[in-house]
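Chemist: Next come the chains, spelled out residue by residue.
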Amino acid sequence: MIRKEAVQLIAKEIGNQPIISANGFMSRDLYETNEKKSNFYMIGSMGLASSIGLGVALKKPKKKIHIFDGDGNILMNLGSLVTIGSLKPKNLIHFIFDNNSHESTGGQPCNSSQIELKKIADATKFKTYKITNKNEIKKIMLKIKKETGPILVMVKINNSKTKSIRVDITPPNIKTRFMKSLK
Amino acid sequence: MNEKVQREIFNLLVKKGVKNFVGVPDSTLKYFIDEGLKKEKILITTREEEAIGIATGMSLVGEKSLVFMQNAGFANSLSTITSLVQLYQIPMILLIGWRGFLKNDAPEHEKIGKIQPELIKIIGLESRIIDEKNMEKNCNWAINKLKKEKTVGLIIKRDFLD
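Chains Y and L, in that order, are what the protein sequence lines are.
The letter at position 171 of the first sequence is residue 171 when you use my numbering, and the numbering goes up by one with no holes.
Start counting at 1 in the second sequence, then tack on 1000, and there's your number in my numbering.
So here's chain Y without its partners, still in its complex pose (with noise of 0.2 Å):
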């Protein structure tokens, strides 16, 4: 499964609910495959959609939020894991698409491919999941729907050659029309 077929499944399952998105490829497959007013994307500032996410996570506590994240992307700020384990927000779901690679800037190694990410997150008091194709999206998301965050799925994704189209919402109206959504 590619990241943006992994992406277009999920984001459906998610329907209207808020994403905030991580800069490079993530935000552009959101964009073409879900585009819609409540996702954020972060199209600068890598690594920080986890910590958007949990802002807007814990003044909106009704709301579940959601996060698509990289492998590159957390491992820039796995401190954010802390901070969102430490707070245990119910409402957060942080997907990690992880192809162990930099896919955006040409595809170099990312060392998640060395590491557990996902014992990180059990040790950082997230719930954790995984999906390693597509036949599993479904179930894993319905079990989550029934469970209480902080939630951590890691989606195994491959490298593709296909590279979608840039997010072109200025990012002042991407920022407005999220806040809109959010009330």
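Since the hints were derived computationally from the structure, they do not count as laboratory data.
Some clues are possibly wrong.
Said to hold, decoys possible - With beta-carbon atoms standing in for the labels, derived distance ranges:
1. Y/Gly107 / L/Ile1122: 33 to 41 Å
2. Y/Thr105 / L/Thr1082: 16 to 24 Å
3. L/Lys1016 / Y/Thr162: 34 to 42 Å
4. L/Ser1079 / Y/Ala123: 23 to 31 Å
5. L/Gly1124 / Y/Lys163: 27 to 35 Å
Computed from a predicted model, the values in this text were never measured in an experiment.
Virtual Cβ for every residue (Gly too), placed ideally from N, Cα, C.
Keeping the supplied structure of chain Y fixed, place chain L upon it in accordance with the hints.
Modeler: Here is chain L on its own, set in the frame of chain Y:
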């Protein structure tokens, strides 16, 4: 800046509607942070950029947010300020402790302390140095900027050695 004034600044900002105080501790801001901890309004993060990310999320629900940090952390955060906060026009107060303000401060603070005014200027961050005389005026200034969706800096000088 003395203890009493730092505590007053915290309470003044709360009174003016600042709801969220997120950041990394700094000894220059010790009593400000302590006042917030007492009132259970402080969230301590692992890095300054993380704090800015969280405060961004909190601002996205329409609440006034402040990030506190030492100027070393401000230097860490330059790219986050430009590619997130300024790019998306996220209103936020950055409260920065100015290490290296005194010439004989610890050596690790010397360089950033010296170039700080220029750094702030070059990234286009409107800021005010806040002290006991101007604190009410400058807090009001910062709150008014937040209402206009602006990001601003409030700087506290490290005017003592330890």
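Chemist: Hints first: check each against the structure and report whether it holds.
Modeler: We went through each hint and held it up to the structure:
1. Distance hint check for Y/Gly107 and L/Ile1122: the Cβ-Cβ separation is about 35 Å, which falls inside the suggested range of 33 to 41 Å.
2. Range check, Y/Thr105 to L/Thr1082: Cβ separation about 19 Å, and the 16 to 24 Å hint holds.
3. In this structure the hint that L/Lys1016 and Y/Thr162 lie 34 to 42 Å apart at CB is violated, the actual value being about 50 Å.
4. L/Ser1079 and Y/Ala123 have their C-beta atoms about 29 Å apart, which keeps the hinted 23 to 31 Å range intact.
5. Taking 27 to 35 Å as the suggested C-beta distance range, the pair L/Gly1124 and Y/Lys163 conforms, at roughly 33 Å.
The earlier numbered hint that this structure contradicts is number 3, and it is the only one.
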